[in-house]
Each structure stands twice: as structure tokens, then as C-alpha cells.
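Chains as they are written, first to last, in my numbering: chain A, 526 to 820; chain B, 181 to 437.
Take the hints with a grain of salt, since some may be wrong.
Label-pair ranges, simulated between beta-carbon atoms [claimed, not checked]:
#1 B:G227 to A:L700: 27 to 33 Å
#2 A:L604 to B:L436: 36 to 42 Å
#3 A:P646 to B:L270: 23 to 29 Å
#4 B:L436 to A:L645: 57 to 63 Å
Partial list, derived from the structure: chain A residues whose beta carbon lies under 7 Å from chain B [what the hints assert, rightly or not]:
#5 L550
#6 L688
#7 S691
#8 T694
#9 V735
#10 G736
#11 A751
I should point out that these hints are in silico values taken from the structure, not numbers from a laboratory.
Positions of the beta carbon are idealized from the N, C-alpha and C atoms, including for glycine.
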Amino acid sequence: MTAPAAPRYGEIYDRGYQHYTGPRLGRRHAIWALARYSMARALGIKKPWTAKVIPILLYVAVLIPVVVGIGIRAFLSALLPGVNPLDYPEFFGGVFLIEGIFVATIAPEMLCPDRQERVLPLYFSRAITRPDYVLAKLLAAGILTLSVSLVPATILWIGRQLLEPSPLTAMRDHLDDLGRIAVAGVLIAFYLGAVGIVVSSFTGRKSIAVGVIILGFLLTEAISGALTFAFEENERARQWLGFLSPTRTTAALVGTLWKQPAGGIDAPLPAIVGVMLGVIVVCVGVIYWRYVPDA
Amino acid sequence: MASVVWRAAPIVTQTVRQFSGGRTLRLVWALSLLPAIFAAIYLLRPGDVSPTEFLTTTYQELIVPTLLPIAVLLLATAAFGNELDDRTLLYLTLKPVSRLRIVLGKFVGTLLVGLPAVLVGLVATALVTSIGSGLTGAGGDWGAMQPVLLAMLGSAAAGTALIAAVFLAVSLIVPRALLVGIIYIFIWESLLGRFLPGIRNLSIRHYMLSIFSGLTDSPLAAFSGATPLREALITVAAVCVVAIAVATLRLRSMQLS
Chain A
526 MTAPAAPRYG EIYDRGYQHY TGPRLGRRHA IWALARYSMA RALGIKKPWT AKVIPILLYV
586 AVLIPVVVGI GIRAFLSALL PGVNPLDYPE FFGGVFLIEG IFVATIAPEM LCPDRQERVL
646 PLYFSRAITR PDYVLAKLLA AGILTLSVSL VPATILWIGR QLLEPSPLTA MRDHLDDLGR
706 IAVAGVLIAF YLGAVGIVVS SFTGRKSIAV GVIILGFLLT EAISGALTFA FEENERARQW
766 LGFLSPTRTT AALVGTLWKQ PAGGIDAPLP AIVGVMLGVI VVCVGVIYWR YVPDA
Chain B
181 MASVVWRAAP IVTQTVRQFS GGRTLRLVWA LSLLPAIFAA IYLLRPGDVS PTEFLTTTYQ
241 ELIVPTLLPI AVLLLATAAF GNELDDRTLL YLTLKPVSRL RIVLGKFVGT LLVGLPAVLV
301 GLVATALVTS IGSGLTGAGG DWGAMQPVLL AMLGSAAAGT ALIAAVFLAV SLIVPRALLV
361 GIIYIFIWES LLGRFLPGIR NLSIRHYMLS IFSGLTDSPL AAFSGATPLR EALITVAAVC
421 VVAIAVATLR LRSMQLS
């Protein structure tokens, strides 16, 4: 019979680096997590109320025309037949300034703090690569801007159809309007979002990014207006100079989609869409070059 | 020399240093010189608009409601905003300098940096308009333009002080002061201020234009409902004093650590 082994004294345990054994959710999940976090940060979620005030105000500002438009239609259309309050082109034109301010609010908030607090190397040392980071930020900016361009317009569309005597038939009859809303909403969102992200990628200070976005907006608007006036006789030059202005470009897009030419640009739809897609592609190229220097 | 200035006005010197050579100041200069580009474009096709008319309209419709407020706003919100971002305001308040002197120093520093940009931008616009018109044979109009330009410089200086004081205080109260200011400028000053008479009297634009019309006899500057010059100047001074007092009180009570 052997004596029980005496408890060992001074044993060394291997408590070293352990490999992660949990589920691996993959790159797609990492990109989506970063995009979700960026959206929450931009909207001030899990931050003091003071950080939420501006996004909430902007959402309210963009929804007021929708509510007023549907309300007027509901209560006054019986009294004033033939009156068509808040058409879709009017709506997109009216909320464009708010969308611009919204992008100036969210885009710097998504990119600048990462640069200022020097956490980019931390991101890039983990599962997220540089192109993933760019993709996540573009996705976040695009989705949030969609929430002020596409969502309110869709609510307006639904509201208008619900006021019809037979909503389901009205919805079927006006599906083409919904398609136009989708094209305009998505294009405007990514057009503005991409420009905002590019400007914000150049600085770590949010105030500088906001200032440059606003300055760029004013500069392009005013120069486009002044040059259009100066080249009034030259029809071709006037058309192309109009594209310098984001307001007139989007007004032309919406106007052409609903066959109510606006913005002083009398170009066919493919040309306007081409210009907007071109701006988005250039912006994506610039931001890719900013964050993926070796590519 | 530098140390003498530093001893007399440490916060002013620190604020001027904070801005000198930085991107914010470059943006402010770009915004201030923007009207000069419009003046150049105006020269391409002046039509029957006289240079003085062009300068006055640009001042009333572009500089006062939009460009000047944004330019000053960038500086006023960054003066304390950058310190808050970098968490250095705490160290400033640890120095044996009273909170009132800190606020006054930031205010004067902002003016020292902002005023030259604003005023030079206006003079450059007037010069481009006048000299360019002279060269293109439309008549320089410099003699008629001078009193209008002087009135503009006076009103722009008052407006700069007013906006700087108000938004120094706002930047200590609201975290995203620049955005609040931009929303205020685009929605309140530019959009609502144009159409709603009640709001007009509560806008910085109204007082700047009132001072402008009070300082010159030019009929181009006159508008109905203008506040008399003395009252407008007293209002501007009073708002500046109140804003500085609010900023001082806020700086005393706010949690900095």
C-alpha cells in the first residue's frame, strides 16, 4: 500500500496566453460592429443628453414637413380640392439644407475622434483591415444619411397613400413614385455622406471638418451661381457649371425624376446620375488613398 | 517684448498663439476673402449694377447673414472648444488668473485674430470691385465707395465682437457649439430672419445692418425698421457684457476634471 501523495508545494501553473476559443464571427461582423458603433457615436447614443440634442433636432426638423404635408392633405383636401401640398420634389428641395447640416454633424463625429485620440493603430492591429475601416465608415455615414433622406420621403409616400379612399390600390398605382423616392433618397444620401466623410478624413479636429464642409458648401454654391450668371450666353458651360452646386445638382435629379425640371440644369437623367455617382466614386477613391497608403 | 505682452495679457497671447498658423485661421481667411472672388466674377459681367451697389448688396445679403458669422463662429467656438477637446482648460484654470480674466483674454484674443481677417476681406472686396471696374472702363467709383466701406468696417467690427462674445459663452455650455452656431446662422439668421419681422429684431444680422445704415448716408444701406445707431451700439455692448458674464459664471461652476 502506497502512502497518498503529499500535496506538492510551489507548483508552477501555465497561465500564459490563452487562445480565444469563443465563436469567430468573421470580418463581416467586425465591419458591421464598427459601422454600428460609428452610428451610435454620431447620434450621441450612450452619451450625455447634450450630445443627442442636435441629431434629435435635425430629425424633428426633417419630419415636421412630412407631418404638416400629410396633415394639410388630410384636413384641407376636402375643402380645397385640387390643392397638392408638399409634392415630392418640394419635399426633397426643402429638406436638403437639413440633410447637409446632418452630414456636417455626423461625418466628423465618426472619423475625427479616432484620429485625434490615436486609436487607428489599435483598430488596424485587430481583425479590421484598413479597407474594412473605410467601408464601415462609409456604410455608417450612408445609412444615417438615408434616415434623413429616404425614410421621411417614404413616410410621406405611405401617408399620402393611406389618405386615399382605397390605400392598397393607391399603393399599387403609385409604386413608380416609391421607386423614384428610393433612387433620389439613396443617391442623395451617399452623395452627401461620401463628401462629408472625405472632408472629415483630413483632420482630427471636428470643428475644422465642420468648417470645411460648410465652407465647401458655400463656396461651390456661390461660385456655381456667380459663374452661371457670368456665362449666361454660353448654354453648354452654364449646364456644366450648375453641377458644381450640390443644391442644384440634387434639385435637377429630383426634378428630372418627377419631370419638373429644376435647378437650372436641363440635362438628361443618366447625365445627372452619372455626375453624382462620379462624385461618390472620386470621394471613395480619395478616402481609400487616405487610409490605405500602400494600395 | 514678447514676455512683456505675455505678463500683461497671458491668456490673450496664448489665444493668439493657439490660432496663429492653424487650420482654423486659414479657414477664417478663406471665408473672409471669398467675397473678393465674387467681386472678380462680377467684373466679368457687371451689367448695370454699379460697383458700390454690388459691394453693398454683397455685404447685406452674403457677408452679414452668412460668411462673417461663420468665420467668427469658427474662432469663438474653438477658443474654449479646443481647450475642452484637449482637456487643457483645467490647467488654465489652475493658474492664478481669475475666471473673468480668462474669459476676457479669450474674447480679446479671438478679436485680435478675427478682426484683421474680416476687415481685410472687406477692403480686398472693395478694392477688387473698384479697381477692376476702373480697369474695365466702367468707372472705379472709389470716391463714392469709401464712406460705404468705412460704415461696413464699423458694422463688421461690432458684429464680430457680438458673435465672438455670444459664442464664447455658448461653447462653454453646449458640447457641439459650432454646429449649434451653424444651425442658428442658417435657420435663424439666414432663413427665418429674412421673412419673420419679429425674429429680425432678435438677430445679429439686424443690428449689424442697423449700425451699417446708421454710419452712412447712402440710401443703399437704409432699410425700414432699422434700429437707431446709438441704440444698436448700446444693445451690442450690453449683449457682449451679458455673454461675458454668463461665460465667467459657467467657467466657475463647470466640472473640468
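Each hint, compared with the structure:
{"no.": "1", "hint": "B:G227 to A:L700: 27 to 33 Å", "in the structure": "violated (48 Å)"}
{"no.": "2", "hint": "A:L604 to B:L436: 36 to 42 Å", "in the structure": "violated (59 Å)"}
{"no.": "3", "hint": "A:P646 to B:L270: 23 to 29 Å", "in the structure": "holds (27 Å)"}
{"no.": "4", "hint": "B:L436 to A:L645: 57 to 63 Å", "in the structure": "violated (28 Å)"}
{"no.": "5", "hint": "L550", "in the structure": "violated (33 Å)"}
{"no.": "6", "hint": "L688", "in the structure": "violated (29 Å)"}
{"no.": "7", "hint": "S691", "in the structure": "violated (39 Å)"}
{"no.": "8", "hint": "T694", "in the structure": "violated (39 Å)"}
{"no.": "9", "hint": "V735", "in the structure": "holds (5 Å)"}
{"no.": "10", "hint": "G736", "in the structure": "holds (5 Å)"}
{"no.": "11", "hint": "A751", "in the structure": "holds (4 Å)"}
Of the numbered hints listed earlier, those contradicted by the structure are 1, 2, 4, 5, 6, 7, 8.
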